[in-house]
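Starting from the known structure of chain A, fit chains B and C onto it as the hints suggest.
Protein chains in written order, with this note's numbering: chain A, 17 to 384; chain B, 370 to 648; chain C, 94 to 382.
Straight-line C-alpha distance at most 30 Å; calculated DSS-like pairs for lysine-lysine:
| # | chain 1 | residue 1 | chain 2 | residue 2 |
| --- | --- | --- | --- | --- |
| 1 | A | Lys-193 | A | Lys-203 |
| 2 | A | Lys-199 | A | Lys-150 |
| 3 | A | Lys-150 | A | Lys-193 |
| 4 | A | Lys-203 | A | Lys-150 |
| 5 | B | Lys-445 | B | Lys-427 |
| 6 | B | Lys-427 | C | Lys-327 |
| 7 | B | Lys-411 | B | Lys-427 |
| 8 | B | Lys-473 | B | Lys-546 |
| 9 | C | Lys-194 | B | Lys-378 |
| 10 | B | Lys-546 | A | Lys-100 |
| 11 | A | Lys-203 | A | Lys-100 |
| 12 | B | Lys-546 | C | Lys-194 |
Chain C stretches covered by chain B per the calculated footprint, using a threshold of three residues with CB under 8 Å from any CB of chain B:
| # | stretch |
| --- | --- |
| 13 | 206–213 |
| 14 | 315–324 |
Just so you know, these hints were derived from the structure itself, not from any lab.
Keep in mind the model is a prediction, meaning the values are calculated, not measured.
In this text, a Cβ means the ideal position worked out from N, Cα and C, and glycines have one as well.
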Amino acid sequence: MTISGASMTQSTDLDLVNVTKRFGSHAAVDDVSFSVAPGEFFSILGPSGCGKTTLMRMIAGFENPTSGDIRIRGTSMIGVPANKRPVNMVFQSLALFPMMSVGENVAYGLSCRGVSRAEAGERASRMLERVGLKGFGERRVTALSGGQRQRVAIARCLVLEPTLVLLDEPLGALDLKLREHMKIELKQLQATFNTTFAYITHDQSEALVMSDRIAVMNQGRFEQVGSPRELYHHPATPFVASFVGETNRWQGEAAAAPQGGVSVRLPSGTVIHGQGRAADKASLAFVRPEAIALAQDPSALGGLPNRFEGRVSAVLFDGANSSLLIETAGFGEPVRAVLPQAGPLAGIQVGAPIHVGWTADAMKVFAT
Amino acid sequence: MNRPSLPWKLYIAAFYLFLFAPLLVVAIFAFNASPFPSPPWKGFTLDWFIGSGGTFGKPGVLIDPIWLDTIANSFKVAVPVALLAVVVGTVNAWVLERAEFPGKTFLSMMMLWPLVIPGVVLGISILAFFSRLANGMEEWLQTDLDFLRPGLPLVVLGQLSFILTISTLIIAARLRKFDRSLEEAAFDLGASRARVLRTVTLPFLSPALIGAGLVALLMSFENFNTTLMLVGSEPPLPITMYGQMREGATPAINAVSLLLMLGVGGVASIFALTAKAER
Amino acid sequence: MSRKPGIRFTLFLLLAPAVLWLGLLIVLPHVEILVLSFSERVAPRVYAFGFGNYLEFFTEPLYWRTFARTAIMSILVTALTLVLAFPIALYIARVAQGRVKAMLLLLCLLPFWVSELVRTLGWMMLLRETGVVSYLLQATGLTEQRIEFLYNDGAVILGLVYGGLLFMIVPLANALESLEPAVVEAGFDLGGSRWTVLRRIVVPHAMPGIVAGSIIVFMLTVGNFATPVLLGGKNGLWFTEQIYAQFITRFNWPQGAAFGMLLLLLSSAIVWAGLRLTGQSLGTTLKQA
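Chain A on its own, in the form it takes in the complex:
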């Protein structure tokens, strides 16, 4: 009862406890801890060189942590080689075996486990059917399209029914259109199989679209772990605020603030008001472009603590993602705002005068 009790209470698939990996004196992964729940789509988002690949390779078993523990369903994986871990990986290059057919690729792991050839083939073709590649078993992997190769790589892992599937930027090599499509497909696959996915990427849109939770990683450390919405709306650090999603970013000094808020004095002397941590040194202020209200008449912005007058310096038309750059007195760089697709401002031209404003809640201030 005690033994099964331990696993009964175990409600996580993956736990990392104070994991550190050093290469010489450089810490590629620095004291990272997190847990992933069963069935969760967990992403690690960070710029290249932030240590996310090293982290993933430690979970897969290709690297050993310098210190700390990696547990899968409560069992420590330290000293367990990659071929004995209940973890499978989808490689960045996909690493499909070119010398084998699609079916042999998918059956490979099964035959390594000693499953008979006939049964492995049978299970492989059933798996191919589930990922929408029915009848592809005899094809050569080189004869597949990018999206099909992707699905083979995932099928090859899923057929082994692993506790956890690791995905190392598998969409990186695809072109934009296919990447958009595969994002949705991956998410759906994960939902159908209800397998725990750990996904690493440097593309914030991939992470935001697919993940249940995201860890933002920078210089070997986790900056913040949270749902896509939390990260987007309540970034915990300036790095997260600027790395996740589009944003306006201004530097200044903390200034006297009205009740509850924080104020930042820009180098030009202009003071803007927001929310965040007060500090009496250099501060950073962030405002999302969609949080900036636009009006031709200043009275429409009445009541906003931040109101300024500016002039449109550029119209960046990109369909639903269109935005305006607004040259605003007191700001070193133009203010970026979402261009409304309807209403009186939809047809605005470069040079037109305009009023901008935002609430104190929309502006996040961080001490640097």
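The following block gives chains B and C in isolation, referenced to the frame of chain A:
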């Protein structure tokens, strides 16, 4: 520059004629019903291949024990050379591409060195060294170690001395193109180290292994300079041909040359096919 | 850290074949002939250190003349091969397209897959007094009598050039292949004549190929044995023949070893000089081929 002038085209044509003239002459006169390998044409015969010796006093190549023995000798050398070249070449390629150790650059330079040494010098140096070794062993062990004296085993070693460089280069070039994540993927899917090697790495290398083996086979069959210095009482094909050519030969030598050309053509086309499969 | 000895043992096993090969078949044998070349026979079966074998080389005119002749003729053969091969390589690399190109290159390769002795046999059958060329000349009435084309320097050079062609064409064609057509067109566009473009643009670009091809052809020529002996007969006088004679016929190994060292020295010196003059490295040069 893109529209070749007439003289240039004529030169190209003349060049290819020049290239193939000697081979054509050798091939054609293999069928000449004459005891001498020279014109005039005296009619078509297959006697120089399968004749019993009734007509010209000497039997055809495929009957004559001299030629059959010498061809057998060539195989006795070429097969071990090719096998060893592939096995040792694979290990060497692994050392060059995968291992890290001090002095690796020096070792890789050393591996290229045999290509710069004239074949005759390779031959005499191995002859001299192994003779000293044999003499030393004889005094020490009081037995004569025959394989260290001129003969087929020494020819195998002599040819290996430079063919190993070629096979190593061929296999290393293929290994360099290998995507290591394939091995990691196989390992990740639960394969043991040995299984990864057997199911992923070696199949990937196989075109180069076959290619290196065939090249080694051909080079061994044709090697003359090194072999000449190390040969004992069992001459391989080029040595017998050389002897016959010095003494004045019958068209039997044309017949054996034609067989050699056909054999080489066969091996070369297998080689070309595997090279295509590699791409 | 308990894995360290295991890794070291594996590395040791992997290195063993290479070390055995290079040690037993290359380094020690060369040390042996180096030592051998400095030993003199002072009494039957008694040898002592000395420079006698090298002195013998310089005092006996046959030896050093053969050596000089081999060196000079090899350089001549290399130059001739280069001149003959260049238009072919240029045609293959820059004019021929698609299947024709592949065909031409394959046709170039084919004769060289066949044994050197078969090719030499072909030349002997063409050139000797009772051979095909002489027969055709007489039959067409161009000459009254049979002519001996064999057993002279011309035949030796012909045979050696023929043997070297492939090893020149392939590196040349590889080097010429990488020349941008636009660069050549720009050369013409800026007013260059065919000759200027060839001299100022095409040849400099092909330099790595020229060096690689020349070095390989030179090495093969200088170390050749069968071609000069068979096509030159008594007039062949190639240095490898002297080595063979000392080792196999006269059984004077120390003298033969000294000759071997001299040949190695000559071949290495020319290769080194060629690389130095053009600033190339051996590794990249061999890769060209």
